[in-house]
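Peer 1: One-letter residues, chain by chain:
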Amino acid sequence: MADERKTGFEPKIVAFFCNWCTYLAADLAGTARMKHAPNARVIRVMCSGRVDPQFVLEAFAKGADGVLIGGCHPGDCHYQEGNYKALRRYNLLKRMLKDMGIEEERFRLEWISASEAERLKWAVDDMVEKLKALGPLNLAVPSEDFAEGVSVA
Amino acid sequence: MSDKPKVAFYWCASCGGCEEAVVDLAEKILDVVAAVDIVFWPVALDFKRKDVEAMEDGSILATFVNGAIRTTEQEEMVELLRRKSQLLIAFGSCSHLGGIPGLANLWDRRSVFETVYVESPSTENPDRVFPETEHKEDGYSVTLPGFFNTVRTLDQVVDTDYYIPGCAPTPKIIWQAVETLLSGELPPKGTVLAPDYALCEECPRKDTKPETLALTEFKRPHEVVIEEDKCLLAQGLLCMGPATRAGCEALCIKGNMPCTGCFGPTSRVKDQGAKFLAAITSMIDSNDEAKIARIVERIPDPVGTFYRYSLPASLLRRKKLETT
Chain A
1 MADERKTGFE PKIVAFFCNW CTYLAADLAG TARMKHAPNA RVIRVMCSGR
51 VDPQFVLEAF AKGADGVLIG GCHPGDCHYQ EGNYKALRRY NLLKRMLKDM
101 GIEEERFRLE WISASEAERL KWAVDDMVEK LKALGPLNLA VPSEDFAEGV
151 SVA
Chain B
154 MSDKPKVAFY WCASCGGCEE AVVDLAEKIL DVVAAVDIVF WPVALDFKRK
204 DVEAMEDGSI LATFVNGAIR TTEQEEMVEL LRRKSQLLIA FGSCSHLGGI
254 PGLANLWDRR SVFETVYVES PSTENPDRVF PETEHKEDGY SVTLPGFFNT
304 VRTLDQVVDT DYYIPGCAPT PKIIWQAVET LLSGELPPKG TVLAPDYALC
354 EECPRKDTKP ETLALTEFKR PHEVVIEEDK CLLAQGLLCM GPATRAGCEA
404 LCIKGNMPCT GCFGPTSRVK DQGAKFLAAI TSMIDSNDEA KIARIVERIP
454 DPVGTFYRYS LPASLLRRKK LETT
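As you go down the protein sequences, you meet chains A and B in turn. Here the working numbering is used: the first residue of the first sequence is 1, the next is one more, and so on. Here the working numbering is used: the first residue of the second sequence is 154, the next is one more, and so on.
Derived by calculation from the structure, the hints in this document are not laboratory data. Remember, it's a predicted structure, so these values are computed and weren't measured experimentally. We put the CB at the ideal spot given by N, CA and C, even for glycine. Certain hints may be false.
[As the list claims (entries may be wrong)] What follows is a set of in silico ranges between Cβ atoms, one per label pair, in the way DEER data are often shown:
#1 A:ARG41 <-> B:SER275: 26 to 34 Å
#2 A:ASP99 <-> B:ARG421: 20 to 28 Å
#3 B:VAL295 <-> A:ASN138: 34 to 42 Å
[To be verified] Heads up, simulated SDA-like pairs for lysine to any residue below, C-alpha to C-alpha not over 25 Å straight-line:
#4 A:LYS130 <-> B:GLU442
#5 A:LYS98 <-> B:LYS423
#6 B:LYS423 <-> A:GLU103
[Claimed, not checked] Stretch by stretch, here's where chain A covers chain B in the computed footprint (C-beta under 8 Å, at least three residues):
#7 420-429
#8 436-442
#9 463-471
Construct the complete structure from the given sequences, taking the supplied hints into account.
Peer 2: Printed below as a string of structure tokens:
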């Protein structure tokens, strides 16, 4: 890390993991004593299709540097097609986030089955690495913006 | 002056449509004037800021503010009116949610000024002269209000009691709100004075909305001949009805145009745009990643479409500010 600002920066990731697959993969990674980056705060949901775009926006608004959604592989959804709904939302939400100045690497959807602890480790580690390269999101609307009369561009 | 309740109107970053909406009450405006004294209304009556400053705190029963907060002057005026008023009511989309001026939150002061004072085709400004908050010449000083980077809703600046939604609010919604406020039986603070269910509920095309909407293409109004009696979503048009509060009686839809969401979300929704995004993407009839991508590409401006009236009130509030 050449950039001083980024040295020692530990990204905060909010991770929404499906109860039937990715959450179990995370559990497996734990019982197998695999080591992976500790940056993800995992929230268990019953299906990746349960992840309301509001959850993602709220995570970013409240200080997350990245949001990771983990769902079942296509065709494997416990509820037939919840993961496809997640995929459709993800696609458009990612584009919208980009328009709002949030880089693509900060929002990620991964298919990770219950047995793929190795893939979970890779997904988390890889995301942390990319977020470290990007630096903090610093999304908060600065309040000093409003404090005084404003000088011109 | 009589002892009728005192009422004030003020405008901030707005188009004037909300002032028109008040006049749109037509002969009912006479009932309003009979019931209240209008003590401040810059667009129609010649009272000045100093007249408001001279009033006792809390002496105005209700002040209706339309427009978003964009400048320091607007901020000062709503702070002043908040002190003088028992009830402060956000009137119209801009004041309620940020409105169309709120889309400027995709830019900032620098880029807005650059466009307006340098780049616009009809502008010639080789010396790059920009408005300044203070300018001195020959020992005199003139001032202008400061221009914020971020457009805010009324309740992001001062405590707000009620909201009257709409761009602009319809006469019926305004009249019902006035009746409610004059009745003395006030709803809980923070209430949006309109029904709390989605527009689809009162849509005349409701019965033609299929049980399951499955779309393979999104269309824009100018690209199709819109059928007049069929659900607009079923025709592939981005109608914001499912994510928008009712109360307008489906005015746009009766004009054969899709809802653009001006009444804002219902009380259980935090972010109107996110909810609409979730609704329409769920309707996409494909499980193929590449095809899904092709279908959503047909929406040219997701932020401007889903947050047309509500960007400052959304969870993210604005595009990330470039820090220098």
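Peer 1: Compare the structure with each hint and give your call.
Peer 2: Results for each hint:
no. : hint                              : result
1   : A:ARG41 <-> B:SER275: 26 to 34 Å  : violated, 52 Å
2   : A:ASP99 <-> B:ARG421: 20 to 28 Å  : holds, 26 Å
3   : B:VAL295 <-> A:ASN138: 34 to 42 Å : holds, 36 Å
4   : A:LYS130 <-> B:GLU442             : holds, 23 Å
5   : A:LYS98 <-> B:LYS423              : holds, 21 Å
6   : B:LYS423 <-> A:GLU103             : holds, 23 Å
7   : 420-429                           : holds (count 6)
8   : 436-442                           : holds (count 4)
9   : 463-471                           : holds (count 5)
When each numbered hint is compared with the structure, a violation occurs for hint 1 only.
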